[in-house]
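Trainee: Chains as they are written, first to last, in the numbering used here: chain A, 1 to 115; chain B, 1001 to 1402; chain C, 2001 to 2193; chain D, 3001 to 3401; chain E, 4001 to 4176.
Hints in this document: simulated from the structure, not taken from any laboratory.
In silico lysine-lysine, BS3-like type, Cα no more than 27 Å apart, as pairs:
| no. | chain 1 | residue 1 | chain 2 | residue 2 |
| --- | --- | --- | --- | --- |
| 1 | E | 4108 | D | 3062 |
| 2 | E | 4069 | D | 3062 |
| 3 | E | 4070 | D | 3331 |
| 4 | E | 4073 | D | 3328 |
| 5 | E | 4105 | E | 4070 |
| 6 | D | 3328 | E | 4072 |
| 7 | D | 3062 | E | 4098 |
| 8 | D | 3062 | E | 4072 |
One-letter residues, chain by chain:
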Amino acid sequence: MTNLLTQPVGVSHYMAVGAVMFVCGIVCMATKRNALGVLMGIELVLNGANINFIAFGSAYLQKDSAMSLGLDGQLIALFVIVLAAAEAAVALAIALNFYNNHHSIDVDRADELKG
Amino acid sequence: MAEFFTTNLIEYVSLSEAWATPLGYILAAMIHIALLLNVVAVGALGFIWLERKVAGRIQDRLGPTRVGGRFGWLQTLADGLKLITKEDLMPAAADPFLFRVAPYVAFCASFAAYLALPFATGWVGQHLNVAVFFILAVLGIEVFGVILAGYGSASKWSLFGAMREAAQVVSYEVPLGLCVIVPVMIAGTMDLIAIGDMQAGMVWNWFIFHDPFTFITFWVFFTCATASVNRAPFDLAEAESELVAGFHTEYSGLRWSFFFMAEYGSMFLVSVLAAILFFGGWNGPIPITEIIGLNETNGALAGYVGNLLGMTNLIIKASLGVTVMIWVRWSFPRLRIDQVITTCLKYCTPIAAMMFLGAALWILYLPGGLWATLRLSDPLGHTREAAPDQQAAAMPADGERE
Amino acid sequence: MDQINWHTFFFLLSALGACTFALMVVFTSNIVRMAFFLVLSLTSTAGLFFLAGADFVGAMQIMIYVGGTMVLLVFGVMLTAQERFVSLKTSGGTWSLAALAGGALLAVLLQTAFSVDDWKAGDTAQAGQSQTTATRIGLGLLGARFDEGTSGYLLPFEIVSIHLLVVLIGAAYLARAKRRAKPSADNPADRSD
Amino acid sequence: MSTDVDDPRIVEFDVRTDEMLVNMGPQHPSTHGVLRLVLRTDGEIVSEVTPHIGYLHRCAEKIGENLTPRQWIPYTDRMDYLAGMNMNLGWSLTVEKLLNYELPEKARHLRVIIAELNRIASHFVGMGAYGLDLGTFSPFLYAFREREKILDLFEDACGARLTYSYITPGGATDDLPAGWLKKCETFLDQLLAVIDECHTLLTTNEIFIRRTVNVGVLSPEMAINYGCTGPVLRGSGVDHDLRRDGEERYTEMYDGYAFEVICETDGHYPSDHDYPPVPESAVLGDCWHRFYVRMLEVIQAMDLIRQAMDRYSTAEGDYGVPIKLFEKLPKGEVYLETECPRGQMGFYLVSDGTSIPWRTRARSSCFSNLSVTEELCRGVLLADVPAVVGSLDIVMGEIDR
Amino acid sequence: MSGPNLVDQLKQRFGEAITGANLEAIDPWIEVSPQGLVEVCRHLHDEPGLEFNLLNCISGVDYFQPDEKKAKKFPWDVHLEVVYHMWSLPHKRSLVLKVMLPRWKDDKEGELPEVPTVSGIWRTADWHEREVYDLMGVRFIGHPDPRRILCPEDWVGHPLRRDYEMPLEYHGIRGR
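Please model the entire structure based on the sequences and the hints provided.
Mentor: In structure tokens form, the structure reads like this:
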């Protein structure tokens, strides 16, 4: 433990966290029957990706800071966040509409492909 | 302090260094956290006392008079003790986890924002370049605690309160953000310390007097801030005459008092924010500390005393803001939910947007503010033309912790 | 004995938070609790962003996700939260399949993450230094990248702006529904006092 | 919520939400006691309100069948406990009507002073509590401060502060003590300033106006049909006040007094005081008007008290001698209504010729006033429910008896 | 205030429905048969010149002396009355209507006597009739919401009846 604490972290560590969140998101999307649960899975996936962008964009997480994405990483992360918010809004609207029509938010019942 | 603990742990408890170092740091951090938390909590206690006293005076009565001498100084402490001893009730149908965790979410959100809140030049928990943004963002989490409380209580009144809170806070974040952008735009930075320092000098250097637009912006900001911290006349989430007690209907004892502390914490927070953004922060109406030379250039002690005076100045301004909120609360009836939303969408948001536009144009064509435009001389020769990046670069690299 | 690397310490704290709460999102079936854990996970992620020197993105993360998306989500949860929907059970087969796929994916990703030596450790000593990222990001979004000397992201920025507007209108349109004035199938459970 | 769609059965909804049944009361801060309202709400919109009463039923009518009229006086106190004197008065007049008792002049004026003073106290509570319903606390305490002064006066007169049993069949239990009129005069002199304060805090307050104007509009026809009386009826613009229009036995108390019925005619109220103007947006019969009528009645009552004090100090005769505790009642039945602060309080007395009434019946004003809630609260917002119920100014003690 | 000519008018118009009147009483009253009540009330409410638009009160009175010793001196016949006090706002006068009923319908103990409701004419009668039903035990035919109002919905008996006895126990609470 002390060993872990004394070492500086790098992109790999961030990527590991990102991977865990990504996989959690994937599993979440696969297993949840609740439409909103699926939505949360998507948020997790996007965040896992975002962590990687930020890590690669950071100036001091790699041995050679010239290799970093620099500001581009952060900018792309920003776009991802904004688009995730937009996606959440639409998905929520769809979920609400689905609920209005079917009185349920169980995605297993969304097999009609019509309103 | 951490080193002190570490050495002592090694020496007296005969721990190996591998264990003593982290333990020492954790102990030191604990003490610091306890200090900060206590300062903020005691602040909340003070404001609760102030609220009761001011309310009492407004209502032609005395307010607390007994506990702790003539003025009832210790009344809130006594109440706190009472709350601790009260039975901790939870409805049988409640979601136990969410019900328990909700007060802490609200409380933590309210106090986490203090992390980035400066009280004088360099006196800040964590110096952030995006401090304004951070504070607004963290304040937004508080609503989450309220919603969890409303949902977790399994009470319809609580649910009503939570839904109202959600609708209200989400709406009011828009004009609040727009209002905050105006001083940020003038300062050219989101760093609160830079914003505060930029208003040094005489009273007309304050951003509220920068131009007519900022003057109006402040009032919109104050209205929206009152709404976003759930104070009357916007206290719809609580609305005791309609919703019994809104989101905290089912709470009692200490858990309830966490909501209470969160409310007063965020009240003070937005007041400090208003003081820094519009009222010169730690810079007084007259730059006394500068005139008598209480700054870093005359030695660390002088700088310390100067900062101390600056902090007192800021706290007085913020307390005045809180007092105005209290005054408003005890004078006005409560708005209805549709009126609250109307106020936000039909009045605050357009006005804030117009002020934003106006201030932007003003900066473009008449830089330096109203008084510079009117050629009012500043006795200390402050100018507000400093480029944001230079300002930021002049900041200490890392704000001292605590 | 080396000094504790505080950057690492806070990284581990945030990473632990992010991963634990992400896992709890997966393993909770109650939708509101899921939302709560998601918020915690995302807040911890914001902490990671701060540690990586992206303070503007971190604040943005809190503001948009926690303040915005989550409130929206909770809104939806409450509007549709009835006892029968709060927790929907998933079959064991789905679970094992998802776990298998997820585990494989995780193994691949971790393998990739630790495969490059350059990535394993950074120079975090300079991590405490504050940078003015907000100004540079702002300029970058408006098409000026002074640090790189390249062009910025004006076009994507505009596209995203239009996109957001479209999404706002679209979401508002989608959420509206027409139905008969007198709902025929009233939930009998709601009739009780 | 509904929009104009061609097919009236199809309604467009933003979001489909489930209706919810909410219990407002009997333990709720703004139901004025133990009223229970069952609200059927769709989000914030209340589609149906069902009042449930009876939580404060104390069988007063049944008890009245076992007590002599004078023994029942304390029970009338406990009906509208905020206007005990007016309750006493109503019952006393009813008994006197049965006995055909001729009251000395001095007792009449004394009763006017006391009844009107109690009207002020009652309206002050109503006003303060209404502020409380709308979420402002300070006017409540201002109102209670003034009410305390009235209670002090009552305490001087009869020794009690809430349940007076002061006015009894035959007059009053005692004369006003020496120096009482002077105290009352001092009280009245400072009251106008307080009323102006209340007008500033409530009547003309922008938020207050927005909360009350055009909320809970009670048309005159509906008010009459539902048997609403008192300020609720007059707030709807119906020119009816039993002090002027009532039975001889009651109106003779006010013979020769100069007063106008507080009621809007042609868009304005009778004015001899600097009243705040009626807001442009106010609709006759809304909560604002009901509140305003009460505020004006306070000033009217002050005026009546002044007149009554003049007459009282010069009047001949005694303050009245209470009838015997076991006075034998003639066989017969009488019904009499008086104008109480909350409306017309009626007492119905059936006597079989013994000293104990065969049947006592109290017609409660709030009972009828409250029954209109169902109508007024249909389709309003949740926050309007306390606003409407508060504007009716109910006292559960009177409704449930 | 209702003079003899009003009684004559009503008698002329409704004949059998007007079963009596007492104009000498302190509050003169007119007795109406239950069958004719609604028409008479509608007439009183609508007719120009009468317009009794404010229904003040509906009271039930139980004329029954359960104590046999006292019953000998009891001055009335055993019956139940529903008394309607009304007021005309335009003409500022009052009127008392009475409906005489047997204490039990068809003299069967437990069968409540019946009166048609007037809540269609005055909405205020809704609650007043509920109260009379609750406390006195008169069934109002056609009432839109015939529930108890003051007593709990599962209460047994009608407390203002003279022969009413308090239940021994109500949900575990001792009654007497």
